[in-house]
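Number of protein chains: 2
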Amino acid sequence: MSKRKTVGAGEGLPEATEREARPPVEAIRAAAFAQFAERGYPVVTVRDIMKACGLTQGALYNHFKSKDELLHDIIASTQGELERLCQEAVKGAGADPRAQLAAFVRVYVVRHCRLRIEALVANREIGWLDAARVSDIRRSRRAIRDIVVTILTRGVESGVFDPPRVDGKHDLKAIAMALLDQCTHVSMWYGPGGDLAEEQMAKLYTEMVLRVVGARLQD
Amino acid sequence: MSKRKTVGAGEGLPEATEREARPPVEAIRAAAFAQFAERGYPVVTVRDIMKACGLTQGALYNHFKSKDELLHDIIASTQGELERLCQEAVKGAGADPRAQLAAFVRVYVVRHCRLRIEALVANREIGWLDAARVSDIRRSRRAIRDIVVTILTRGVESGVFDPPRVDGKHDLKAIAMALLDQCTHVSMWYGPGGDLAEEQMAKLYTEMVLRVVGARLQD
DNA sequence: TAGCCTCCTGAACGAGCGTTTACCTTGGCC
DNA sequence: GGCCAAGGTAAACGCTCGTTCAGGAGGCTA
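Protein sequence lines correspond, in order, to chains V and F.
In terms of the UniProt record's numbering, the first sequence has 41 at position 41, counting the first letter as 1, and numbering is strictly consecutive.
In terms of the UniProt record's numbering, the second sequence has 196 at position 196, counting the first letter as 1, and numbering is strictly consecutive.
What the hints contain is simulated information worked out from the structure, not anything from laboratory work.
Be a bit skeptical, because a hint or two may be false.
Treat identical chains as interchangeable: a pair holds within one or across any two.
[Claimed, not checked] Distance condition first, Cα-Cα at most 25 Å in a straight line; then the derived SDA-like pairs of lysine to any residue:
#1 51 x 142
#2 169 x 188
#3 173 x 192
#4 67 x 39
#5 67 x 214
#6 203 x 31
#7 67 x 170
#8 67 x 99
#9 169 x 68
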C-alpha cells in the first residue's frame with residue numbers, strides 16, 4: 001500500500017492535501033506530528049505511528065535511524081522554517097522598529113496559529129532530544145529572540161519605544177522573552193473554531209506587543 | 001495510610017528546609033516534584049522517585065494508590081493554593097480594577113517565580129492525568145481565567161481600561177488568555193540567578209499587563 | 001513477652017517499549 | 001528469465017515499566 005515511485009524529491013514542498021499520494025517518509029512524518037501533538041512524544045510508540053500510516057513497526061527504520069531522529073527531523077524543519085520567516089519579515093519591513101516589530105509579530109502569530117500542531121510539538125517535545133540533537137534548535141531559538149532584542153534596542157535608541165523599566169533600567173532580554181512566550185503559546189489554545197481568525201489574532205497580538213514596548217504612535 | 005500523629009496537620013505548610021525530619025509521604029512528594037520538573041512525568045520511574053528519598057519502589061504504594069495519583073496529588077495541591085491566592089489578592093485590592101489587576105499579576109508572577117518547579121510541573125504534566133482526575137484542575141484554571149475576565153470587564157465598563165479591539169469589538173477572553181500565558185510561563189525560564197529578582201519580575205509584568213489593557217494612569 | 005500495627009524490602013509478574021533480524025514481495029534493468 | 005535494490009512483514013530480542021505480594025523489622029500496648 002501507498003506505493004509510490006514517481007513523486008520527485010526535488011520539486012518543492014510536499015502537499016498535505018493529497019494524503020494517499022504522499023511518499024511513506026512524508027506519511028510517517030505527518031502521522032508522528034499528529035500523534036506527538038495529541039499525546040506527547042514519550043507515550044507515542046513506534047507501533048502507534050506506523051499503524052497510523054498503515055505500516056508495521058519495522059518499516060520505520062527504513063526511513064529514520066531511530067524514534068529520536070524522527071522527532072528531531074520534525075522539530076528541526078519546523079524551527080528552521082520559522083527562523084527564516086522571521087528574518088525575512090523583519091528584513092522586508094523597512095527601517096522603522098515599529099514596522100519591524102509589527103511584521104515580526106504578525107508572521108510569528110499567524111504561523112503559530114496555522115501550524116499550531118507543529119509549533120506545539122516543537123515547543124513541548126524538544127526536551128526529549130538528547131543534548132547533541134537539541135543544540136542547533138536552541139541556537140535557532142536564541143537567534144529568534146535576538147531578532148526581537150535587536151529591534152527593541154534600536155527602537156529604544158531611536159526613541160520610538162519606551163518599554164517598562166525595572167529600577168530605572170531596561171531589561172530588553174526579559175521583555176523579549178515575555179513577548180515571545182505570549183506569542184508562542186497561542187499554539188496551545190488557538191483553534192480555528194474559536195472567535196478569532198488567524199489574521200485577527202495577529203492584529204490583536206501586534207497591538208498588545210506595541211503597547212507593551214510603549215511604541216510612539218507616529219513621528 | 002499516611003498516618004501522622006506528631007506533626008500537627010493544622011499548623012501551616014510543611015517546612016522544606018529540614019529534609020530528614022519530613023515524614024515519608026512528604027519526602028516522596030518532594031522527590032517526585034523535583035524529578036517530574038526536571039525530566040517529565042512519563043520518563044520518571046517509580047524507582048527513580050523512591051531511590052531519591054532512600055526507599056525502594058514498593059514503598060510508594062504504602063502512601064499512594066498509583067504513580068498517577070501521586071502526580072494528581074502534587075498538581076491539585078499546587079493549583080488549589082494558586083487559585084486561593086489569586087482570589088485573596090483581588091479581594092484585598094479594593095474596588096479599582098487597575099489595583100485588582102495589579103494585585104493579581106503581582107501574586108501570580110511572584111508565585112510562578114518562587115514555586116516555579118511546582119508551576120512547571122502543574123502546567124506541563126497535567127496532560128498525563130486521566131480525564132477523571134484532570135477535570136477539577138481544569139475547573140480551577142478556568143476559575144482563574146474568569147477572575148481576569150471579570151476584572152477586565154469591569155475595567156472596560158467603568159472606562160479605566162481600553163484594551164485592544166478586533167474589528168471594533170473586545171475579545172476579553174482572548175486577552176485574558178494571552179496575559180495569563182505570559183505570566184504563567186515565567187516559570188519556564190525564570191531563574192533566581194538571572195538579572196531580575198522576583199519582585200522586579202512582578203513589577204515588570206504588572207506594567208506590561210497594564211499597558212496591554214490600556215489602563216488610564218489616573219482618574 | 002506476646003500480639004498487633006505500620007512501614008519497608010526485595011523478588012516477581014505481565015505488559016509494553018525501541019530496535020534488530022531474517023525473510024518476502026515488487027518493479028526496473030541487463 | 002535472473003539479478004538487484006528498496007522497502008515491506010512478522011517474530012523475536014533485551015530491557016524497563018508500574019504494580020503486587022509474601023515476609024520481616026521495629027515499636028507500641030497490654
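Hint check:
In the homo-oligomer, the alpha carbons of residue 51 and residue 142 never lie at most 25 Å apart, since the shortest distance is 36 Å inside one protomer and 36 Å across protomers. For the homomeric pair residue 169 and residue 188, the shortest alpha-carbon distance between copies (23 Å) is at most 25 Å, but the shortest distance inside one copy (32 Å) is not. Taking identical chains as interchangeable, the C-alpha atoms of residue 173 and residue 192 lie at most 25 Å apart only when they sit on different chains, with a minimum of 16 Å there against 32 Å within one chain. Within a single copy, residue 67 and residue 39 get their C-alpha atoms as close as 15 Å, and across copies as close as 18 Å, so both meet the 25 Å cut-off.
Proximity of residue 67 to residue 214 under the C-alpha cut-off of 25 Å is found in neither arrangement, the shortest distances being 46 Å within a copy and 48 Å between copies. Taking CA atoms no more than 25 Å apart as the test, residue 203 paired with residue 31 passes in neither setting, with 32 Å inside one copy and 44 Å between copies. For the homomeric pair residue 67 and residue 170, neither the shortest alpha-carbon distance inside one copy (43 Å) nor that between copies (45 Å) is at most 25 Å. With identical chains, the CA atoms of residue 67 and residue 99 are never at most 25 Å apart, being 42 Å at best within one copy and 51 Å at best between copies.
Taking identical chains as interchangeable, the C-alpha atoms of residue 169 and residue 68 are never at most 25 Å apart, the minima being 43 Å within one chain and 45 Å between chains.
Hints 1, 5, 6, 7, 8 and 9, counting from the list given before, are not met by this structure.
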